[in-house]
Amino acid sequence: MEELVIIGNGMAGVACLENILSHKHKFDITIFGDETHANYNRILLSSVLAGEREADEITINGIDWYQKNGIGLRLGVRIIDVNTRLRTLTGEDGSVTRYDKLIFATGSSAFIPPVDGIYRRNVFTFRSMDDTNGMLRVAGPGKRAVIIGGGLLGLEAARGLQVRGCDVTVVHLVDTLMNFQLDSTAGDYLRQKMEALGIRVMTGRRTKALLGRDEVEAVELSDGERIPADVVVIAAGIRANADLACRAGIQCNRGIIVNDYMETSDPRVFAVGECTEHRGETFGLVAPLFDQGKVLAATITGNRGPVFEGWAPAAKLKVMGVEVFSAGEFLDTPGADVVRYEDPGSGVYKKLLVRNNRLAGCVLVGDTSDSNRYMDWLRTSADLEVRRRNLLFPEPVSDKGSSIAEIPDSETVCGCMGVTKGKIIQVIHERGIRTMAHLKECTRASTGCGSCAGTCEGLLKAVAPDFVEEGKKVLCKCVPFSQDNLREIIFTQKLKSVQEVLEIYGDGIGCEICKPALSYLVDVVWCGDHEEDRSARFINDRVHANIQNDGTFSVIPRMRGGITTPAELRRIADAAEKYKAKTVKVTGSQRIDLLGIKKSDLPAIWADLGMPSGQAYTKGVRMVKTCVGTEFCRFGVQDAMATGIELERRLENLYTPHKTKLGVTGCPRNCAEVTVKDIGLVGQEGSWQVVVGGAAGKHVRKADLLITVETTEEALEAALLFFQYYREHGNYLERTYDFVERLGIEKIRKATVYAQPKEKRVLLRRLQKAKALSKDAWLDRKNPTPTQFVQIEAMRPMEATIQ
Amino acid sequence: MSAGAINWIRVTGEENIPVREGRSVQVRDCEIAIFNLGDRFAAIDAACPHRGGPLCDGIVTGNRAPSLDCGPVVSHAVVCPLHGWKIDLQTGEVLKPDVSVRVDTYEVRVSEGVVEVAVPVAARRRRKRAA
Numbered sequence: 015m016e017e018l019v020i021i022g023n024g025m026a027g028v029a030c031l032e033n034i035l036s037h038k039h040k041f042d043i044t045i046f047g048d049e050t051h052a053n054y055n056r057i058l059l060s061s062v063l064a065g066e067r068e069a070d071e072i073t074i075n076g077i078d079w080y081q082k083n084g085i086g087l088r089l090g091v092r093i094i095d096v097n098t099r100l101r102t103l104t105g106e107d108g109s110v111t112r113y114d115k116l117i118f119a120t121g122s123s124a125f126i127p128p129v130d131g132i133y134r135r136n137v138f139t140f141r142s143m144d145d146t147n148g149m150l151r152v153a154g155p156g157k158r159a160v161i162i163g164g165g166l167l168g169l170e171a172a173r174g175l176q177v178r179g180c181d182v183t184v185v186h187l188v189d190t191l192m193n194f195q196l197d198s199t200a201g202d203y204l205r206q207k208m209e210a211l212g213i214r215v216m217t218g219r220r221t222k223a224l225l226g227r228d229e230v231e232a233v234e235l236s237d238g239e240r241i242p243a244d245v246v247v248i249a250a251g252i253r254a255n256a257d258l259a260c261r262a263g264i265q266c267n268r269g270i271i272v273n274d275y276m277e278t279s280d281p282r283v284f285a286v287g288e289c290t291e292h293r294g295e296t297f298g299l300v301a302p303l304f305d306q307g308k309v310l311a312a313t314i315t316g317n318r319g320p321v322f323e324g325w326a327p328a329a330k331l332k333v334m335g336v337e338v339f340s341a342g343e344f345l346d347t348p349g350a351d352v353v354r355y356e357d358p359g360s361g362v363y364k365k366l367l368v369r370n371n372r373l374a375g376c377v378l379v380g381d382t383s384d385s386n387r388y389m390d391w392l393r394t395s396a397d398l399e400v401r402r403r404n405l406l407f408p409e410p411v412s413d414k415g416s417s418i419a420e421i422p423d424s425e426t427v428c429g430c431m432g433v434t435k436g437k438i439i440q441v442i443h444e445r446g447i448r449t450m451a452h453l454k455e456c457t458r459a460s461t462g463c464g465s466c467a468g469t470c471e472g473l474l475k476a477v478a479p480d481f482v483e484e485g486k487k488v489l490c491k492c493v494p495f496s497q498d499n500l501r502e503i504i505f506t507q508k509l510k511s512v513q514e515v516l517e518i519y520g521d522g523i524g525c526e527i528c529k530p531a532l533s534y535l536v537d538v539v540w541c542g543d544h545e546e547d548r549s550a551r552f553i554n555d556r557v558h559a560n561i562q563n564d565g566t567f568s569v570i571p572r573m574r575g576g577i578t579t580p581a582e583l584r585r586i587a588d589a590a591e592k593y594k595a596k597t598v599k600v601t602g603s604q605r606i607d608l609l610g611i612k613k614s615d616l617p618a619i620w621a622d623l624g625m626p627s628g629q630a631y632t633k634g635v636r637m638v639k640t641c642v643g644t645e646f647c648r649f650g651v652q653d654a655m656a657t658g659i660e661l662e663r664r665l666e667n668l669y670t671p672h673k674t675k676l677g678v679t680g681c682p683r684n685c686a687e688v689t690v691k692d693i694g695l696v697g698q699e700g701s702w703q704v705v706v707g708g709a710a711g712k713h714v715r716k717a718d719l720l721i722t723v724e725t726t727e728e729a730l731e732a733a734l735l736f737f738q739y740y741r742e743h744g745n746y747l748e749r750t751y752d753f754v755e756r757l758g759i760e761k762i763r764k765a766t767v768y769a770q771p772k773e774k775r776v777l778l779r780r781l782q783k784a785k786a787l788s789k790d791a792w793l794d795r796k797n798p799t800p801t802q803f804v805q806i807e808a809m810r811p812m813e814a815t816i817q
Numbered sequence: 476m477s478a479g480a481i482n483w484i485r486v487t488g489e490e491n492i493p494v495r496e497g498r499s500v501q502v503r504d505c506e507i508a509i510f511n512l513g514d515r516f517a518a519i520d521a522a523c524p525h526r527g528g529p530l531c532d533g534i535v536t537g538n539r540a541p542s543l544d545c546g547p548v549v550s551h552a553v554v555c556p557l558h559g560w561k562i563d564l565q566t567g568e569v570l571k572p573d574v575s576v577r578v579d580t581y582e583v584r585v586s587e588g589v590v591e592v593a594v595p596v597a598a599r600r601r602r603k604r605a606a
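If you read the protein sequences in the order shown, they are chains A and B.
Under this note's numbering, the residues of the first sequence are numbered 15 to 817, in order.
Under this note's numbering, the residues of the second sequence are numbered 476 to 606, in order.
A couple of the hints might just be wrong.
[Stated by the list, open to error] Calculated pairs, SDA-like style, for lysine to any residue (alpha carbon to alpha carbon, straight line, at most 25 Å):
1) A:K613 with B:R526
2) A:K510 with B:D514
3) A:K796 with B:P493
4) A:K712 with B:G559
5) A:K612 with B:E568
6) B:K571 with A:K796
7) B:K561 with A:V488
8) B:K571 with A:K510
9) A:K491 with B:E568
10) A:K491 with B:R526
Hints are computed from structural coordinates only; laboratory data are not their basis.
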C-alpha cells in the first residue's frame with residue numbers, strides 16, 4: 015500500500031478523491047482540512063447567507079462517507095511544513111505524517127487589500143462556513159453592512175446580507191462591477207439591477223481605512239467620505255494558497271505550477287483546484303476544477319493519459335432576480351465581431367464576441383436562459399457560420415417539453431460537474447431514477463452551483479414516466495416560487511400588495527389558489543402595514559361571513575373564552591328573529607352560529623349584535639375554548655376563563671396560515687380539550703403547560719409540549735411566541751399540526767421559547783405591530799365597500815335603446 | 476351571442492364595480508354578473524350552472540391554454556366560491572371540471588362612465604316564458 019495524503023478538504027480535493035476512489039487504486043488515503051467542517055459546497059455559502067439553504071443542506075460528503083470509504087480524515091489541522099526529501103508533512107498540532115504521494119488542494123484565500131484597521135471585529139472575508147456564520151451573527155434588520163469589492167462574491171454577499179435585513183453599500187475600486195467578467199455597459203445594467211434591489215453601489219472608490227474602537231464602526235474612503243458600518247465584508251478577490259508548496263521547493267508562480275497531467279515540479283507531488291496555475295492561468299470557479307480532479311485521478315492511479323487543457327473562464331451570478339452570465343472574452347477587441355442586443359426598458363443586455371465564425375466569449379445580463387448553449391459553443395468551438403443570423407435569438411419555444419427536446423444530447427447541462435444531457439438520460443433509464451435527489455446522487459448533476467436544477471428536473475419529468483416531485487414546492491404556476499422565497503421577495507423588494515407581486519414575479523393575473531395565499535403573505539410580512547386587495551380574498555373575507563351552500567351566510571359573533579352575558583344573548587335572540595336566521599346553533603367552539611343570513615343584511619345584523627366578529631369564516635384566530643377553572647370548579651387550579659379571555663384579546667383579528675383554534679383549561683382533567691387545539695394552556699398546580707400542534711379534525715393529533723412555565727404571563731408569552739413564529743414560517747393552508755411535524759418541536763422551541771431574549775422581543779414586537787394595525791372586521795359596517803353588500807339594480811329602463 | 480335585436484341596458488357607474496371584482500345586477504328578470512377586468516368589463520349569467528353559486532363573488536383568475544394548466548394566460552375566468560367551478564368570462568364555457576356546459580355571456584361597454592350591458596331581446600323573452 016502507498017500512502018496518499020491530500021492537503022485540503024474542499025470541493026476540488028474531495029471531488030478528485032471521489033474520482034480516485036472510482037479507479038482501481040492501492041492507496042492508504044489521509045486527508046487534512048484546516049476547517050472543522052466536513053466537506054461542503056463552498057459555492058452555495060451565498061445561499062446559506064441569504065437564508066435559501068440551511069448550513070447542513072450544503073454538505074457534500076458527511077463524516078460517514080469518509081468512514082465508509084476507509085479514508086483517514088483529519089479536521090482542524092493546518093499543515094505548516096512539507097519536506098519533499100523526507101516525504102513528510104508536519105501539522106500545526108506537531109503531528110508528522112509520511113507520504114508516498116501528495117496532493118495539494120489548498121485552495122485559495124481572500125485577498126486582503128492594504129487597508130488600515132482590517133483586523134477590527136465584525137470584519138469578515140467570505141470564504142468559509144465560519145465566515146458565513148460570523149456574518150449571520152452580526153447581520154440583522156437595521157444593521158449597516160459595507161461590502162468592499164463588487165465582484166461575484168461581493169455582490170452575492172451584499173444580497174445575502176440585505177435579505178437578512180441589513181442596509182447594504184457596495185464599494186468597488188473600479189468603475190465597472192464584476193470588471194473581470196463584464197464590459198462597462200453590462201456593468202451599468204448590473205448596477206441598475208442591484209440598485210433596484212435597494213443596494214447602494216459606489217464605484218470607482220478606494221477604501222482607505224476601517225474605523226472604530228474594538229468593533230468596526232465605519233469605512234473611510236480615500237476621498238475622506240465615511241460610511242457607517244456595523245459589519246464589513248472584504249471581497250476584493252482571491253489568491254491561490256501556494257505558500258506551503260513554495261516553501262517546500264515546488265515550483266510556484268501565482269499558484270502551484272501544474273502541467274496538463276496535473277503534475278508539479280516534484281514527481282511525487284500533485285496539485286488540484288484553486289491553488290494551481292496551469293498555462294499561466296489561475297482559477298476561481300468550480301467547473302474547471304472538477305475537470306482537473308478527473309485528470310489528476312487518472313494520472314495518480316497509473317492511468318496517465320487524460321489531459322487538462324484549460325477552460326474558458328465562465329461565471330454566473332447567483333442573486334435571485336439578477337441574472338448575469340459571462341464566459342470567455344468580454345471586452346470588445348479588434349478582430350472580433352460584436353453581436354449585441356440591448357433593451358434598457360427590460361434591463362436585458364446580451365453580447366457575443368465572434369472571431370472567425372467561432373464564439374470567443376459572451377456576456378448576458380437580465381436573461382441568461384441561453385447560457386448553456388453559448389457555453390457549449392465556446393467549449394466545442396462550434397462553427398457558427400450557418401447560425402450567424404440568429405445568434406441571439408433561438409426559435410421561440412413556448413412549452414418546456416420541447417425546449418428540453420431542443421437540447422442536443424452532447425450539450426453539457428451541468429457545467430459544474432460536466433454532465434451532458436445524453437448522460438443524464440442514459441442514467442435515468444439505466445437506474446430507473448424518479449427523483450431529483452436520486453439523479454443528483456447518481457450523476458452529480460445540479461450539485462454544484464445548482465443553476466441547472468430546472469433543466470435537470472425538466473429532463474427527469476420528460477424522460478421518467480413516474481417522476482416524483484419533491485423539495486420546496488412552488489406556490490402555483492402563476493407565481494412559480496416557494497412560499498419562503500415569496501416572503502423574501504415581498505420583504506426585500508418592498509412589495510406591499512398582491513397585485514404588485516403578481517405583476518413583477520407572476521403572470522399578472524393570479525388564480526384562486528395563489529391570490530388568497532399572497533394576501534396572507536403580504537399581510538404577515540408587513541405586519542398588517544400593506545395595501546389590502548379585496549379582490550384577492552375569498553368572498554368570506556370580503557363580507558366577513560361564511561358562505562353557505564345556498565348562497566346565504568353564517569354569522570358567529572366573538573364570545574371570548576365562550577363566555578357571554580344575558581344582554582348579549584337577548585341581542586342575539588332579537589337579531590336571529592329580525593333577520594330570519596334559519597337555524598341558531600351552538601358550535602363546537604363554545605359560540606353561537608346564526609345560519610341563513612342574507613348578504614345584504616350582514617352590516618345591519620352586525621350593528622344589532624353589537625359584538626365583534628368571531629372570524630369563523632377565515633384563516634385566522636378563531637377562538638379560545640375554556641373551562642370554568644378556579645372561578646367555580648372544585649378541582650380548578652388555574653383561572654382558565656380570565657386567561658382564555660386575555661389570550662383571545664391579544665390575538666383576535668389576526669390572520670394565520672390556516673384557522674387557529676386555542677384553548678385554556680384550568681386543571682389537567684382538560685375539560686376544554688386543549689390538547690387537540692393548535693395552541694393550548696393546561697393549568698397545573700403552580701404552573702402552566704403550553705402545548706402546540708394539536709388537532710381534532712381530519713386527523714387527531716395530541717399537541718406537543720412546548721414549555722412548562724410558572725406564571726400566567728409567561729404562559730401567554732410562550733403562546734404568543736409560537737403564534738407569531740407559526741404566522742411567519744407556516745405555509746399558507748398549513749395547520750399547526752403539519753407545521754409542528756414539518757419543523758420538529760425542537761427547532762420550534764429553539765426559535766421561540768428558548769430563543770435569545772432579543773430574538774423573542776423582535777418576534778413579539780412584530781406581533782404587536784400587526785395587532786395594533788388589526789381591527790374588528792365587522793366595523794366595516796360603518797363604512798362598507800360600495801356595492802359589496804347591496805344588489806345593484808339596473809338604471810332606469812326607459813333609457814334603454816333598441817338597436 | 477345570438478344575433479338579432481339587443482337592448483343596451485344602462486346598469487351602474489363603473490366605479491361601483493371595483494377592479495378585479497364582480498357584482499351581480501338585476502336586469503329586469505335576468506341576474507347578470509359583471510366583472511371589472513381593469514381594461515374592460517365582462518358579463519355572464521350570475522348563477523353557477525353547478526348548484527347556482529354566486530359567480531359575482533368568485534375570484535377572478537387567468538385561464539391557461541391549450542390544456543388547463545400550462546402555457547400562457549389566454550383569457551380571464553372566475554372561480555365559483557361554492558365548489559370551485561371555473562368559468563371562462565369571454566366564452567361562458569365551464570373550464571373546470573371537464574363538462575360541456577356553458578353559461579350565457581353578454582356584451583358590455585362603458586359609456587360616459589356608465590356600464591352598459593347588452594341583453595338580447597329574444598333571450599329575454601325566452602327567459603320570461605321559462606319563468
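These are the hints, each one checked on the structure:
1. At most 25 Å may separate the alpha-carbon atoms for a hinted pair to count; A:K613 and B:R526 meet this at roughly 18 Å.
2. Between A:K510 and B:D514, the direct Cα distance comes to roughly 22 Å. Compliance with the 25 Å bound is thereby established for this hinted pair.
3. This hinted pair checks out: A:K796 and B:P493 have alpha carbons roughly 19 Å apart, not beyond 25 Å.
4. The straight-line distance between the Cα atoms of A:K712 and B:G559 is roughly 21 Å, inside the 25 Å bound, and the hint therefore holds.
5. Of the supplied pair hints, the one linking A:K612 and B:E568 is violated, its CA atoms being roughly 29 Å apart against a limit of 25 Å.
6. At most 25 Å may separate the alpha-carbon atoms for a hinted pair to count; B:K571 and A:K796 exceed this at roughly 38 Å.
7. Restraint check for B:K561 and A:V488: the C-alpha separation of about 22 Å stays at or below 25 Å, so the hint holds.
8. A distance of roughly 31 Å separates the Cα atoms of B:K571 and A:K510; the hinted pair therefore is violated under the 25 Å criterion.
9. Of the supplied pair hints, the one linking A:K491 and B:E568 holds, its CA atoms being roughly 22 Å apart against a limit of 25 Å.
10. Note on A:K491 and B:R526: the hinted pairing is violated, with a Cα-Cα distance of about 28 Å set against a maximum of 25 Å.
The structure fails hints 5, 6, 8 and 10 (numbered hints given earlier, in ascending order).
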